[in-house]
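**Q** Counted the way full-length UniProt numbering counts, the sequence shown spans residues 1 to 209.
There could be a bad hint or two in this list.
[Stated by the list, open to error] With beta-carbon atoms standing in for the labels, derived distance ranges: (1) 75 / 28: 27 to 33 Å; (2) 79 / 112: 47 to 53 Å; (3) 93 / 32: 20 to 26 Å; (4) 75 / 115: 33 to 39 Å; (5) 83 / 4: 19 to 25 Å; (6) 25 / 71: 53 to 59 Å; (7) 96 / 51: 36 to 42 Å.
[As the list claims (entries may be wrong)] Lysine-lysine pairs mimicking DSSO-like chemistry, simulated, CA-CA at most 27 Å apart: (8) 108 / 67; (9) 30 / 67; (10) 30 / 108; (11) 45 / 67; (12) 79 / 108; (13) 108 / 27; (14) 79 / 30; (15) 67 / 27; (16) 27 / 79.
Hints listed in this document are in silico derivations from the structure and should not be mistaken for laboratory results.
A quick note: this is a predicted structure, and the numbers were derived from the prediction, not measured.
Beta carbons are placed, not taken as given, at the ideal position from N, Cα and C, and that holds for glycine.
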Amino acid sequence: GYRVSLQGNFFGSNHTYVTFPEYSPRKHIKLDPPLNIQSNATASKCQIWWSVPWYLAEILQYELQYKEYSMSWEIALNKTLPSSLPQIEIEATELRSGIAYVARVRCKVSESEDSYHSQWSGWSQTTTFQRAGVSKLSEKSLNTRTMQFFFVPLSFGTLLYLFWNCKLSSRYAIYCVFTSGQKASPALPFPRQLLSFSHSIICTMGILR
Numbered sequence: 001g002y003r004v005s006l007q008g009n010f011f012g013s014n015h016t017y018v019t020f021p022e023y024s025p026r027k028h029i030k031l032d033p034p035l036n037i038q039s040n041a042t043a044s045k046c047q048i049w050w051s052v053p054w055y056l057a058e059i060l061q062y063e064l065q066y067k068e069y070s071m072s073w074e075i076a077l078n079k080t081l082p083s084s085l086p087q088i089e090i091e092a093t094e095l096r097s098g099i100a101y102v103a104r105v106r107c108k109v110s111e112s113e114d115s116y117h118s119q120w121s122g123w124s125q126t127t128t129f130q131r132a133g134v135s136k137l138s139e140k141s142l143n144t145r146t147m148q149f150f151f152v153p154l155s156f157g158t159l160l161y162l163f164w165n166c167k168l169s170s171r172y173a174i175y176c177v178f179t180s181g182q183k184a185s186p187a188l189p190f191p192r193q194l195l196s197f198s199h200s201i202i203c204t205m206g207i208l209r
């Protein structure tokens with residue numbers, strides 16, 4: 001290590017003050033900020049990446065800070081990356097659609113590194129991004145699928161109900177013929193309801209497609 005001292009001349013006399021009796025430069029490092037920060041946002045996530053010297057890549061850790069473009073950095077959100085990879089993904093659920101965001105990153109030597117220690121670097125330059133909105137066509141497709149998901153089981157259950165009632169009505173008419181010896185009254189209009197409802201289902205499914 002090194003011995004760091006401060007010398008000064010006060011009122012014509014020299015004085016020496018010992019600041020660090022044992023100073024090791026590798027334990028007091030401040031790195032340069034990451035470079036070339038870039039971003040790419042889609043409707044599902046935003047990818048942000050940057051670059052650092054290759055010989056430091058495996059021993060660094062990063063902290064990302066991002067905020068809405070019009071907000072102050074004092075209320076920005078911070079993310080400490082779990083790995084040494086110079087990249088991060090922000091899920092779309094953390095971003096508001098149609099709002100511009102700005103992000104920056106800083107680095108330091110990882111806490112798990114024994115040979116070197118450092119403080120956080122300064123913040124990098126910023127990158128601006130905006131979550132891509134969902135197109136109207138995609139929203140319509142999603143709504144259609146949702147309607148089909150609920151409509152098909154409901155329609156199938158209604159068909160079974162009508163079919164079962166139609167079957168019971170037919171049995172009741174036959175029972176009346178055998179017990180009374182008279183001609184049964186005209187069958188209840190369940191078959192017609194069944195056919196009419198089936199036709200409605202086919203037409204509705206055609207519209208949903």
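**Q** Given the hint that residue 30 pairs with residue 67, test it: the Cα-Cα distance must not exceed 27 Å.
**A** Satisfied, since the Cα-Cα distance of roughly 25 Å is no more than 27 Å.
**Q** Hey, residue 45 versus residue 67, does the alpha-carbon distance stay inside 27 Å?
**A** Judged against 27 Å, a Cα distance of about 15 Å means the pair holds.
**Q** Between residue 96 and residue 51, does the beta-carbon spacing fit 36 to 42 Å?
**A** 29 Å, violated
**Q** Honestly, do residue 25 and residue 71 meet the 53 to 59 Å range at C-beta?
**A** The hint (53 to 59 Å, Cβ to Cβ) is violated, given that residue 25 and residue 71 are roughly 38 Å apart.
**Q** Take a look at whether the Cβ-Cβ distance between residue 83 and residue 4 falls inside 19 to 25 Å.
**A** Between residue 83 and residue 4, where Cβ atoms are some 35 Å apart, the hint is violated.
**Q** Against the 27 Å threshold, does the CA-CA distance of residue 108 and residue 67 hold or violate the hint?
**A** Holds, at roughly 22 Å.
**Q** Does the Cβ pair residue 75, residue 28 satisfy 27 to 33 Å?
**A** 31 Å, holds
**Q** Within 27 Å, alpha carbon to alpha carbon, are residue 79 and residue 30?
**A** 20 Å, holds
**Q** Given the hint that residue 30 pairs with residue 108, does the C-alpha gap stay at or below 27 Å?
**A** 7 Å, holds
**Q** Has the given pair, residue 108 with residue 27, been kept, meaning a C-alpha gap of at most 27 Å?
**A** 12 Å, holds
**Q** With the threshold set at 27 Å, check whether the alpha-carbon distance from residue 27 to residue 79 stays at or below it.
**A** 25 Å, holds
**Q** Does the Cβ distance between residue 79 and residue 112 fall inside 47 to 53 Å?
**A** 19 Å, violated
When each numbered hint is compared with the structure, violations occur for hints 2, 3, 5, 6, 7, 15.
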